[in-house]
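Following the hints, put chains H and R in place on chain C, whose structure we already have.
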Amino acid sequence: MERRTIFPGWRLPVLLVLPQLLLTVFFFLWPAGQAIWSSMTRTDAFGLHTEFVGLENFSDLFSDPLYIDTIGRTLVFCASVAALSMGVALVLAVCADRELRGRNWYRILLIWPYAIAPAVAAVLWLLLLHPQIGLVGRWLNRMGVAWDYKLNGVQAMLMVIVASAWKQVSYNFIFFLAGLQSIPRSVVEAARMDGAKGWFRFRTVVLPLLVPTVFFLLVVNLVYAAFDTFGTIQALTQGGPGKATETLVVKVYRDGIVNLDIGSSSAQSVVLMAGVIVLTALQFRFLGRRSSE
Amino acid sequence: MTQRFDWPAHLVLLLGVALFILPIWLVLAGSTLDPAAISRGELSLIPRLAGLSVYPSVLSDGAFGAQPVWHMLMISFGMALAIAIGKIVISILSAYAITFFRFPFRMTAFWIIFITLMLPVEVRIIPTYSVMSDLDLINTFPGLTVPLIASATATLLFRQTFLAIPDELVEAARMDGAGPWRFLKDILIPVSSANLAALFVILFVYGWNQYLWPLLVATDPHLDTIVIGIVKMIGTETQTEWNRVMATAVLALLPPVAVVVLMQRWFVKGLTEGDK
Amino acid sequence: MATLVLEELRKSFGATVVLPGIDLALASGEMLVIVGASGCGKSTLLRLVAGLEAPSGGRIVLDGRDVTQVDPSARDIAMVFQNYALYPHMTAFDNMAYGLRIRGLSRDEIRRRVEEAAGLLGLGPLLQRKPRQLSGGQRQRVAMGRAIVREPKLFLFDEPLSNLDAKLRVTMRAEIRRLQRRMGVTSLYVTHDQVEAMTLGDRLLVLHGGRPVQLATPMQVFERPADVYVAGFIGTPAMNFLPAVLSHDGSAATLDIGLLIPFADGKRQGPDGRKLSIGIRPEHLRPDPDGLLLQIDLVEPLGSETVLIGRLPDGELLSVKLPGAAPAAETLSVAIPAAQMHVFDAETGLRLDPATG
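So the protein sequences, as listed, match chains C, H and R. One point on numbering: in this note's numbering, the residue at position 128 of the first sequence is 128, and numbering is uninterrupted. One point on numbering: in this note's numbering, the residue at position 264 of the second sequence is 264, and numbering is uninterrupted. One point on numbering: in this note's numbering, the residue at position 286 of the third sequence is 286, and numbering is uninterrupted.
Same shape as in the complex, but just chain C (with noise of 0.2 Å):
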């Protein structure tokens, strides 16, 4: 799309763009470019030879047993986190849609949470579930459940999944109740008239009309689990205990910067750079009009 009525000239708009173009450039393209090349060296022990190799270090990654199995956590994680959020926000998001008295109120006490950060939530969760002075924490030791994070891997796990799910309920509310009203009266309204009753009519008539805002959350909230939940799972366990909880994201950082293997954590930023493009491209490939317009 383009608009019909525009400014003449070339000099002025250069300039503009300008400023975005060269942190884009310096700050996108060329680190990203970094990361390729990268991604095909191999340094030795002592940081002094790097030598080309091509596409060895994604070999070594997908025969890598850990590799693969990080792979598997963390679909895992993002499919937990994805259903779990979106679950939640879904039965609230309808909740909220109806005629309520103080709807206004619930909507402002339900949208605040989007301003909490990945890692206050995690720490929020870590002073719940403490083993020592959480409450929820002391109470599940309490009721007999040998619960220590620190050693379970599993319990780890749950403990990053739900902090990870409820930091990301509100937006995905915000996103539901704008989905639902976005739905004409009169379309439900003929559903009612019709005689379709209470969960029947949801599946069959409100359901159908939300799909393009369940696609577009579920690429949101994939993203966000596999990305953006870098700063959860570093507060609460650091990836571990062991491996129990370390993401695609949580290895890159593992590896670059703690254990300074350039060439695996450039080729599995690469794995990831891809993954992000194909969800990407998909998504505007389904919403296409409206987000390319």
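Hints are computed from structural coordinates only; laboratory data are not their basis. The reader is advised that the hints may include incorrect statements.
Listed below are several chain H residues computed to face chain C (Cβ distance under 10 Å; list not exhaustive) [to be verified]:
(1) Leu-22
(2) Ile-126
(3) Ser-130
(4) Ser-151
(5) Ile-165
(6) Phe-267
(7) Leu-271
To give a feel for the contact side, a few chain H residues facing chain C, derived at Cβ under 8 Å [to be verified]:
(8) Val-27
(9) Ser-91
(10) Thr-99
(11) Pro-127
(12) Val-131
(13) Thr-155
(14) Leu-163
(15) Glu-171
(16) Tyr-211
(17) Leu-212
(18) Val-227
Glycine included, each C-beta is placed from N, C-alpha and C at the ideal position.
Just chains H and R, lined up with the frame of chain C:
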């Protein structure tokens, strides 16, 4: 049909609200308790008025493992503001150039900017770090903020708004004698003010909540943001000042929450009309 | 006070020719209405004069000055847009003052001009309101105020009344006419509404497919339309057309349905048998027991007059406008008075006058 009190919906919504308020409340209450009591596990939902003194104390002295909190709050505030304002300015100018003019390689420039959508910072951490290092920007305030300014979401949002400006408005302005700068200043920006407000909220929260990037770029504790600080506190194995940690957590989330609550109407509008 | 001359003004968009070439001369203070159906090029013509589009050829001379290459803001022209195009975030006052501010007029001068225009338009109490707080008619007046304060050499009106409801249109029409007369500014007014055209213009330019078909006063266009398009466009209900052939050595027309009508104003050129289109306005058909027999299909009572749609023996429809209430009958016989008949060539559609062919 008279309005029946929809108690299932109210129940669900109240549970939802509680789901978010309770953890905050617990931490808020906990921050006012005696640290020794907390370590023993004596927690309570009732705050102690006497314990409110922890707040001024933690602001000036911090807690074990981190800087004075007011300092970290300042850094966070500066960072969030710089990112929000920087991004808005750059994006308005780019979107304006791309929609209201024609110049060679215009669409190329657009696609280059568009690509940044697909490259979240977590994916380019190491090479971006080395670029910063080469530019001598490690451990500097610009180093904290500049790499986070360039991404495309704001540009796309403005582009969409600018494309929808009626042709006649532009023509009327032209006939009134307004050139490109005047048009931008007097008409385009005021007309886009709702978008601006929404974006400011989104970007301020985004900037405030950053974790990975500040972690990498700022090793000097004087540049710790409050988010970095609170995670450091949690991570300290021998932490005993839990009340101070909890107070810091509360302080860490107050400013962005305040911004969202105060501007929530524009914010919701901007999110739902822009991102899709 | 300025004259406007257009010389061979042409416009093409790529391969599509919108205006093949227009010559026009407006006297100072004249209001010329450009009228035609949608897509005939009238808005394009207006935008060329405004400078919002660049012509593909030709010249625009305003008050003796060639402005063909001049930027719109420097042409000393003001335009009233169809959708008002008011700046939504500015008050009515600021909307009108904006152009003056850019030109660097003093605050006092700006205030004087805006308040004067507001007085002329009845906008006094509304000056501090924003567009969204104004009704459609009020917004249109602010748009006109914006043009008036500029004190330009030329006013351009781009279908300014199309977005208003019928009643408002009538009042605003009169206001525009009054204002233009009073201010004496040369004006170009574009519309597709023939009533606006007839009531507002000192002269009309009828455009059809980008071509100027007739340039004349409203009454001339009504009484002596230059071709079937103009004849059918001006006048409500539209003129009736009946196929005929030239007969009796050019002194009469024989309608295809059989009726013979001798010309009242002279012979037409051409061989007998030349195909014609005879036009007669609904209000000129007279009830006549010896005339054409019509089967009444539809009766439209309008109060002061009645429109009847009747069917001829060959199936063709004819509209008749009679004063007063309709006669309650199933048939009606009408005669075609030769004095009010219009003769057109069936192939070219052009008007055939006596001795000019």
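Against the structure, the hints:
Annotation: interface hint on Leu-22 (chain H) holds; nearest CB of chain C at approximately 9 Å, less than 10 Å. The interface hint given for Ile-126 (chain H) is met, as the beta carbon of that residue sits about 5 Å from the closest beta carbon of chain C, less than 10 Å. At a threshold of 10 Å, the smallest CB-CB gap from Ser-130 (chain H) to chain C is about 7 Å, leaving the interface hint in force. At its closest, the beta carbon of Ser-151 (chain H) sits 8 Å from a beta carbon of chain C; the interface hint therefore holds under the 10 Å criterion.
Hint on Ile-165 (chain H) holds. Least Cβ distance to chain C is approximately 8 Å, under the 10 Å limit. The beta carbon of Phe-267 (chain H) is positioned within 10 Å of a beta carbon in chain C (closest approach about 8 Å), and the interface hint is therefore held. Interface restraint check: Leu-271 (chain H) against chain C, minimum CB-CB distance 6 Å, threshold 10 Å, status holds. For the restraint placing Val-27 (chain H) at the interface with chain C, the shortest Cβ-Cβ distance is roughly 6 Å, inside the 8 Å limit, so the hint holds.
Annotation: Ser-91 (chain H) was flagged as interfacial toward chain C, and the flag holds, the nearest CB pair being 7 Å apart, inside 8 Å. The interface hint given for Thr-99 (chain H) holds, since its Cβ lies 6 Å from the closest Cβ of chain C, which is under the 8 Å cut-off. A least Cβ separation of about 4 Å between Pro-127 (chain H) and chain C falls short of the 8 Å threshold, and the interface hint therefore holds. The closest approach between the C-beta of Val-131 (chain H) and any C-beta of chain C is roughly 6 Å, which is under the 8 Å cut-off, so the hint is satisfied.
Given the 8 Å rule on beta carbons, the hint for Thr-155 (chain H) holds: about 7 Å separates it from the nearest Cβ of chain C. For Leu-163 (chain H), the suggested interface contact is upheld, since its CB lies about 6 Å from the closest CB of chain C, less than 8 Å. Interface hint status for Glu-171 (chain H): upheld, as the beta-carbon distance to the closest one in chain C is roughly 6 Å, under 8 Å. Interface hint status for Tyr-211 (chain H): upheld, as the beta-carbon distance to the closest one in chain C is roughly 3 Å, under 8 Å.
With its C-beta approaching chain C no nearer than about 5 Å, Leu-212 (chain H) sits inside the 8 Å limit, and its interface hint holds. Evaluation of the Val-227 (chain H) hint against chain C yields a held restraint, the C-beta minimum of about 5 Å falling below 8 Å.
Hint compliance for this structure: every hint is met.
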